[in-house]
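Asker: The chain contents come next:
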Amino acid sequence: MTTSTEAAVTQNTTGADRKGSALRGADGRPTEVAAFRDVSKDFGAVKAVHGSTFTLHPGETVAFLGPNGAGKSTSIDMLLGLKDPSAGRVTLFGGTPRQAIMDGRVGVMLQSGGLLPEVTVRELVGFACKVHPRGYAVDDVLKTAQILDLADRRVDKLSGGQEQRVRFALATAGDSDLIVLDEPTTGMDVNARQAFWSVMKAQADAGRTILFATHYLEEADAIADRVLVMHKGRLIADGTAAEIKARAGQRRISFDLHPQDGGDASLLSALPGITALDVSGHTVRISTSDADATMAAVYRAGLYPRGLEVTGVGLEQAFITITAEATAAEGN
Amino acid sequence: MSQLIRLEVLRVLRNRRYLFFTVVFPVMMFFFYASTNFGTESFNGVSPKTYYMVSMATFGTVGAALNTAMRIALERKSGWTRQLRLTALPGWAYVLSKVAAAGTVTLPAVLAVFAAGVAEGVHFPLATWLGMGLAVWAGGFVFSAAGVALGYAAAPDTVQPITMVSYMGMAFLGGSWFPLSGGLKTVGQYTPVYLYNELAKYPVNGVSVGASQVIGLAAYLAAFAALAAWLYQRDRKTV
Numbered sequence: 004m005t006t007s008t009e010a011a012v013t014q015n016t017t018g019a020d021r022k023g024s025a026l027r028g029a030d031g032r033p034t035e036v037a038a039f040r041d042v043s044k045d046f047g048a049v050k051a052v053h054g055s056t057f058t059l060h061p062g063e064t065v066a067f068l069g070p071n072g073a074g075k076s077t078s079i080d081m082l083l084g085l086k087d088p089s090a091g092r093v094t095l096f097g098g099t100p101r102q103a104i105m106d107g108r109v110g111v112m113l114q115s116g117g118l119l120p121e122v123t124v125r126e127l128v129g130f131a132c133k134v135h136p137r138g139y140a141v142d143d144v145l146k147t148a149q150i151l152d153l154a155d156r157r158v159d160k161l162s163g164g165q166e167q168r169v170r171f172a173l174a175t176a177g178d179s180d181l182i183v184l185d186e187p188t189t190g191m192d193v194n195a196r197q198a199f200w201s202v203m204k205a206q207a208d209a210g211r212t213i214l215f216a217t218h219y220l221e222e223a224d225a226i227a228d229r230v231l232v233m234h235k236g237r238l239i240a241d242g243t244a245a246e247i248k249a250r251a252g253q254r255r256i257s258f259d260l261h262p263q264d265g266g267d268a269s270l271l272s273a274l275p276g277i278t279a280l281d282v283s284g285h286t287v288r289i290s291t292s293d294a295d296a297t298m299a300a301v302y303r304a305g306l307y308p309r310g311l312e313v314t315g316v317g318l319e320q321a322f323i324t325i326t327a328e329a330t331a332a333e334g335n
Numbered sequence: 002m003s004q005l006i007r008l009e010v011l012r013v014l015r016n017r018r019y020l021f022f023t024v025v026f027p028v029m030m031f032f033f034y035a036s037t038n039f040g041t042e043s044f045n046g047v048s049p050k051t052y053y054m055v056s057m058a059t060f061g062t063v064g065a066a067l068n069t070a071m072r073i074a075l076e077r078k079s080g081w082t083r084q085l086r087l088t089a090l091p092g093w094a095y096v097l098s099k100v101a102a103a104g105t106v107t108l109p110a111v112l113a114v115f116a117a118g119v120a121e122g123v124h125f126p127l128a129t130w131l132g133m134g135l136a137v138w139a140g141g142f143v144f145s146a147a148g149v150a151l152g153y154a155a156a157p158d159t160v161q162p163i164t165m166v167s168y169m170g171m172a173f174l175g176g177s178w179f180p181l182s183g184g185l186k187t188v189g190q191y192t193p194v195y196l197y198n199e200l201a202k203y204p205v206n207g208v209s210v211g212a213s214q215v216i217g218l219a220a221y222l223a224a225f226a227a228l229a230a231w232l233y234q235r236d237r238k239t240v
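Going down the list, the sequences are from chains Z and V.
Quick note: to get the numbering used here, add 3 to the position in the first sequence (first position is 1).
Quick note: to get the numbering used here, add 1 to the position in the second sequence (first position is 1).
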């Protein structure tokens, strides 16, 4: 892709180049894209974000997953410097969020980012390209966002889905290293959503770091290298989509072992499929990735479990599982 | 920065409602007054036609400046101001672009009313026209500052009635519709639009600048600007 104006930066930076340069700072040390260190945000008595710590690494595509009100938007606001944390520290590219934005390192698509009425799509996107320190040519941006056909339409005459694509164009108007999207597919139908993510994947393939908030588990699963799960202001899981799924797909087994029934309880830790074991008094709680094998082994070992309960969840209920665990942990 | 000003000017020039209230309406009102027989030679030392030409030019300018309030309130609500904070533009660029755009689009309003004045037989030396034009244009920034303050004061549905009431109230007390006398004048002579109208009529009698009007307007400008700065800071903390 070539650009039509001299001022614009060419858009064909290869992924390898960008990753290489983003991974190492000027002094050769590895750099981080963004870091939250024990960040909290209170609104009066409400703790919107509570002790959140994570680091985004160059080239990652990270999903911020959680139900409405989990603290995703507040976290994104703090990441971008729109809100100051009540406690803790937020850095973007090693400096303040504002500095990173001034340097043109961040492209942002807000959930309710306002668009300017009374101008055309081309004028609005062109403005974003020109104010970006490393802005692209407007036609290239419109093409990438697949809104070349809307270029001369007035911004106030667009449908909801079209508006989202214009917001996406604003977020990709320049050569940013990090793209932040707050629930980008809200209001899109299934087709529009798929088209959107294919465009987004191209951005990730170009080596950009991407952070997006969503409450769709499928999106996080299909797009993200890494998933951060938020619940009630806390970061309760941080892992690959596969890890989160495994955790959601697990069975929980609980039973009582009475000494008079005999058997050697120390065998428990050697059971197949087991991922967590908790014995308190007579009560045994097991998390397992294979409940059938685990229980068969329990009986083979000569144990006599009483009050056996096996609970499991489907993929769709990942949230419920993980968030319930978080709530239980909070109780302890 | 210049990009944002360009965009803002484009937007106001495309807004028909805006052009009606700042250009068409004042010109229509001027023609209405010009066709009225007031049976007097002089309103506060100038001819009725000159009086209304100036007060309609200032009326259009104040309208253009106060229109900023509604735009800022709407754009705060829509989230455009948030989006702008995520660009490399400094925070004050937004406010400055609004003031600059109001200052730019005021010119056609002033020129249109003055042209109507010429059509109705008002004639002055060039220096007087320039002096009047400059006074109307420069004085408009006082009301731009007020518009910015109003725009950050509240939500759009509150800002709209407040803006309309202040606009009409200030024009009434400023003697824009008829020359003030008695108790009305006692109060009105300290209001910003009154000072503005007086300042703009000064060149007619060959005096270049009215010192007391300039001081009065400068005081209003300082007060409105301070209020705008305070409300703007408050807004950035709560967004």
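Read the hints as simulated data drawn from the structure, not as lab findings.
Among the hints, a few may not be true.
[Claimed, not checked] Under the rule of at most 30 Å between Cα atoms (straight-line distance), these lysine-lysine pairs were calculated in the DSBU-like manner:
#1 V:K238 / Z:K50
#2 Z:K160 / Z:K133
#3 V:K238 / V:K50
#4 Z:K204 / Z:K160
#5 Z:K235 / V:K50
#6 Z:K235 / V:K238
#7 Z:K160 / Z:K146
#8 Z:K235 / Z:K50
#9 Z:K133 / Z:K146
#10 Z:K204 / Z:K146
#11 V:K78 / Z:K160
#12 V:K78 / V:K186
#13 V:K78 / Z:K50
#14 V:K50 / Z:K133
#15 Z:K204 / Z:K133
#16 Z:K133 / V:K238
Asker: Find the hints from earlier in the document that the structure breaks and name them by number, from lowest to highest.
Answerer: 3, 5, 12, 14
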